[in-house]
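Using the hints, position chain B against chain A.
Note that the protein sequences, when read in sequence, are chains A and B.
According to the numbering used here, the first sequence is numbered sequentially starting from 15.
According to the numbering used here, the second sequence is numbered sequentially starting from 10.
There may be inaccurate statements among the hints.
What the hints assert, rightly or not - Only pairs whose alpha carbons sit at most 30 Å apart, straight line, appear in this in silico DSSO-like list of lysine-lysine:
hint	chain 1	residue 1	chain 2	residue 2
1	B	Lys36	A	Lys285
2	B	Lys137	A	Lys314
3	B	Lys137	B	Lys163
4	A	Lys314	B	Lys163
5	A	Lys285	B	Lys49
6	B	Lys49	B	Lys36
Just so you know, these hints were derived from the structure itself, not from any lab.
So you can see what is in the structure, the chains are spelled out below.
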Amino acid sequence: MAKNTYLPAPDHGAKTGVLAYLLTTAAVLLLMMVAGLLMRLEQAQMISIGANGFYQLMTVHGAGMVGIAGIAGAAIMWHFLNQYAALSVRVLVGNLALFVIGVAMVLGSVFVGNFHGAWTFLFPLPGNSLGLWSREAAAWFMGGMLVIGTGFLLLQLDIARAIIAGYGGFARALGWPQLFGRDDGQAPPPTVVASTMVTIVNLIALVVGASILAMMLVNLYHPEFAIDPLLAKAMIYFFGHVFINATIYMAVIAVYEILPRYTRRPWKSNKVFLASWTCSTLMVMFIFPHHLLMDFGFPKWMLVMGHVIGYLNTVPILAVTGYGALMIVFRSGIRWDMGSRLLFLSMFGWAAGAMPAFIDGTIRVNYVMHNTLWVPGHFHTYLLLGLVSMVFGFMYYLGKPARQARDPFIDRAAFWAYLVGSLGFVLAFLYAGKESVARRYAEHLPQWVPYDRVASYFAVLIIAATLVFVARFIGHLAHAGGHHTRATVPFGAVVA
Amino acid sequence: MLQQIVWALSLALMMFVGFGWAYALLKSGRREEDYTPLQKRAYRIRTRLFWLLVALFGTPMVLTLIDLPYDAVRPAIGAGSVQEIRATGYMWRWELSADRIEARRPVEFRVTSGDVNHGFGIYDPDMKIVAQVQAMPGITNTLRHTFDREGVYKIMCLEYCGLAHHNMVAEFTVGTRS
Chain A
15 MAKNTYLPAP DHGAKTGVLA YLLTTAAVLL LMMVAGLLMR LEQAQMISIG ANGFYQLMTV
75 HGAGMVGIAG IAGAAIMWHF LNQYAALSVR VLVGNLALFV IGVAMVLGSV FVGNFHGAWT
135 FLFPLPGNSL GLWSREAAAW FMGGMLVIGT GFLLLQLDIA RAIIAGYGGF ARALGWPQLF
195 GRDDGQAPPP TVVASTMVTI VNLIALVVGA SILAMMLVNL YHPEFAIDPL LAKAMIYFFG
255 HVFINATIYM AVIAVYEILP RYTRRPWKSN KVFLASWTCS TLMVMFIFPH HLLMDFGFPK
315 WMLVMGHVIG YLNTVPILAV TGYGALMIVF RSGIRWDMGS RLLFLSMFGW AAGAMPAFID
375 GTIRVNYVMH NTLWVPGHFH TYLLLGLVSM VFGFMYYLGK PARQARDPFI DRAAFWAYLV
435 GSLGFVLAFL YAGKESVARR YAEHLPQWVP YDRVASYFAV LIIAATLVFV ARFIGHLAHA
495 GGHHTRATVP FGAVVA
Chain B
10 MLQQIVWALS LALMMFVGFG WAYALLKSGR REEDYTPLQK RAYRIRTRLF WLLVALFGTP
70 MVLTLIDLPY DAVRPAIGAG SVQEIRATGY MWRWELSADR IEARRPVEFR VTSGDVNHGF
130 GIYDPDMKIV AQVQAMPGIT NTLRHTFDRE GVYKIMCLEY CGLAHHNMVA EFTVGTRS
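Pulled out of the complex, with its shape left as it was, chain A reads as follows (with noise of 0.2 Å):
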């Protein structure tokens, strides 16, 4: 059995490698909330930027948030990761590289080769703009994209080495002897855990995605190469789906690492946390399928399949890891402070915004809400309030100066700020998804406009909150290097 004694653990300090993640990930952050600000200020007719110009930020703002979720992600799980397996910095840095040129590329396509075909460059699309945009800028994009996968790629395949030998395997650092054996209280701890199944779902992933992309760039010059589009599409999101999943996985790490610092409460990889991990690695693979419900040419026992896992995968996210952080800040005197409240905050946004995704992905509830706003609605939710609040928490955490070191107000008004403008902007686009306005629409119709407007401003709101996040990051940026005690650990309780 595990033991439920707490054994502190040290606060180690970001490698400067961490730091030029977390760097990277406020600029473009920063930069692709506002290239969502000025896309939904088109919309509620507040701003004139044109059709054009919106499905150019639009590519961008989409392929931009998904990468930088995936450099966050790997921020957190790469910190805490090497701590447990002997990790290399030369691909850690690598992978950033090559991710800077991506980014160069898919810019360059698009403001300059005017590509705009949706991040999801679904086929035949990238191939045939009517001549808005040339083979070559389409190239830019899709060998952009390339480059940002074969990074991600090295990175994992590096992640997966040191996992093995440092765990003898994939089972073993899933904790499948304790899992179908005795708990012995030895399975690894849950970064390895979850470092594992990132690892092998996000390997597969990643090949997917640059065999497609590769395909695509084949047929681009040689049309003859034919593609079949449903192929194509299945292939796109299953890499998409699994990548954007991924990198939730990844950043949820912090709440596993930091939350029980605050508490002094072991979060320990039992039966049930193995079982939960080993579950999600199979079904976040399976559930591609909830993409494609209105595909009826799809196999159609993959899309009943694509239903029902969406169903299930609710249950590991409420009943096990957010379950766990209530357990464990649950009568714990925890004090509250930025990096708490952020992670606390992050496990709601995680479980509440998988209520209207699983929703979403009933078949009979898609024939009426597919690719309309309620989509952006509840992958925002889990985003913006989940995965976002988890990677400043994380800053928050990494850049404390010391232990019982306080947040000015300015911070904490910024969390709230932070929490009402996300709440309001996400519900403003799931009652939009509720009203059948439909996604991907750079002008509205005229009863659309009141939501654009309302989600405008609470986008504001949310870039404000994040402006002070992102000041007060770099601000403390020599502290988040340091190895010092970081997390506020309850009044009384004795320090070690």
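Just chain B now, kept in the frame of chain A:
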């Protein structure tokens, strides 16, 4: 209307989650030093929560599988013979083989695309989606629907297809037999 139910249900579930978080937050102040009894109690509650989730989510998961919109499994709905309409999407227009449909008689839309992916979304006279299917080159998807309400319906593109995606609109009228 389904959208209304979905909205209310989602809000209720999100609030339920929110109450859980608020409760833990409110009870986080006073520390209980021995975690073991608290943990045992929490695990018992979690077992109940698990079965509650199974009942709460499992029932609609199964029941909503009974009537699927897919051609092969959907029973014939409405009275009379099936009206067939061929619909093809192009950047950025719809081509329909007919623009008048008889109310309360089943319709089969045979939907495809002449270039890139499109989404064939049918909006009722109140601009609410009543049905949709993807329009994909090389594949013909059959969408079966029976319109009970008369009026002018719009078809709007629900899959991003380039610059004038938002302007890719067509209309048809549902009425009585002329």
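To see whether the hints hold, each was checked on the structure:
no.: 1; hint: Lys36/B - Lys285/A; verdict: 27 Å, holds
no.: 2; hint: Lys137/B - Lys314/A; verdict: 26 Å, holds
no.: 3; hint: Lys137/B - Lys163/B; verdict: 10 Å, holds
no.: 4; hint: Lys314/A - Lys163/B; verdict: 28 Å, holds
no.: 5; hint: Lys285/A - Lys49/B; verdict: 14 Å, holds
no.: 6; hint: Lys49/B - Lys36/B; verdict: 17 Å, holds
When each numbered hint is compared with the structure, no violation occurs for any of them.
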